[in-house]
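Asker: Sequence:
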Amino acid sequence: MPSKSRSRHNPVLLFGRNFLKHPRMLGSVIPSSRFLIQQVLAPVDWNRARVLVEFGPGVGTITKDILKKMHPQARLIAIEMNQDFVGYLRETIHDPRFEVVNGSAADIGTVLADRGLGSADYVFSGIPFSTMPEDVRVSIVQSTADAVSKDGAFVVYQFSPKVRSYLERAFASVDVGFQALNVPPAQVFVCRPHRNGNGRGK
Numbered sequence: 001m002p003s004k005s006r007s008r009h010n011p012v013l014l015f016g017r018n019f020l021k022h023p024r025m026l027g028s029v030i031p032s033s034r035f036l037i038q039q040v041l042a043p044v045d046w047n048r049a050r051v052l053v054e055f056g057p058g059v060g061t062i063t064k065d066i067l068k069k070m071h072p073q074a075r076l077i078a079i080e081m082n083q084d085f086v087g088y089l090r091e092t093i094h095d096p097r098f099e100v101v102n103g104s105a106a107d108i109g110t111v112l113a114d115r116g117l118g119s120a121d122y123v124f125s126g127i128p129f130s131t132m133p134e135d136v137r138v139s140i141v142q143s144t145a146d147a148v149s150k151d152g153a154f155v156v157y158q159f160s161p162k163v164r165s166y167l168e169r170a171f172a173s174v175d176v177g178f179q180a181l182n183v184p185p186a187q188v189f190v191c192r193p194h195r196n197g198n199g200r201g202k
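Counting from 1, position 145 in the sequence shown corresponds to residue 145 in our numbering; the numbering is continuous, with no gaps.
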């Protein structure tokens, strides 16, 4: 069996160990596939985006791709509740544009305000909404809707469709996609404060 120190520095082992400890917080035993990552990041206007937020970055599988694509003057704020992941990200990602905050996604408004950032252009989330208490789910979705800029988007990837109705109540437009090349297969919701040309749920 791998030692705790080894698993702390190996992202796959760290992710797996934390899945066994907190399965309801992670939802999957392995990180997201490259196909899912590409689909999640596809809606982003990288030239325009200056403030990006990621909920539950885990071991930084998507985080690192965001940083590769981000504008040099953009900022990425990751909000993570798991202290093991917070420590790992602080030890392994050394980019002045990046900051990880140990806290709840429901506090996105406060996190942005404390840093003098009025709103987020894009927010990404893979946290398992289906396993969290109802009041927490509602709070996170509404707080995010309030924090996203008028031309921005909340991009959510899930293994359950349960969050869809909550997203549709908080956002004017929710486009739904599917990615089979992931374990498990995932749904991707692109939520915008204003309707786009496709309309809701198209």
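Think of the hints as simulated: they come from the structure by calculation, not from any bench.
Wrong hints could be hidden among the right ones.
Label pairs and their calculated CB-CB ranges [claimed, not checked]: (1) E99 to S165: 30 to 38 Å; (2) L117 to I30: 15 to 23 Å; (3) P184 to P72: 18 to 26 Å.
Think about it this way: if two alpha-carbon atoms lie no more than 16 Å apart in a straight line, the pair counts; the simulated EDC-like pairs of lysine to aspartate or glutamate are [as the list claims (entries may be wrong)]: (4) K68 to D45; (5) K162 to D121; (6) K162 to D135.
If you're wondering where the values come from, they're calculated on a predicted model, not measured in any experiment.
C-beta atoms are modelled at their ideal positions from N, C-alpha and C, and glycine is treated no differently.
Asker: Determine for every hint whether it applies to the structure shown.
Answerer: The hints, checked one at a time:
no.: 1; hint: E99 to S165: 30 to 38 Å; result: holds, 32 Å
no.: 2; hint: L117 to I30: 15 to 23 Å; result: violated, 32 Å
no.: 3; hint: P184 to P72: 18 to 26 Å; result: violated, 36 Å
no.: 4; hint: K68 to D45; result: holds, 14 Å
no.: 5; hint: K162 to D121; result: violated, 25 Å
no.: 6; hint: K162 to D135; result: holds, 14 Å
Checked against the numbered hints above, the structure breaks hints 2, 3 and 5 and satisfies the rest.
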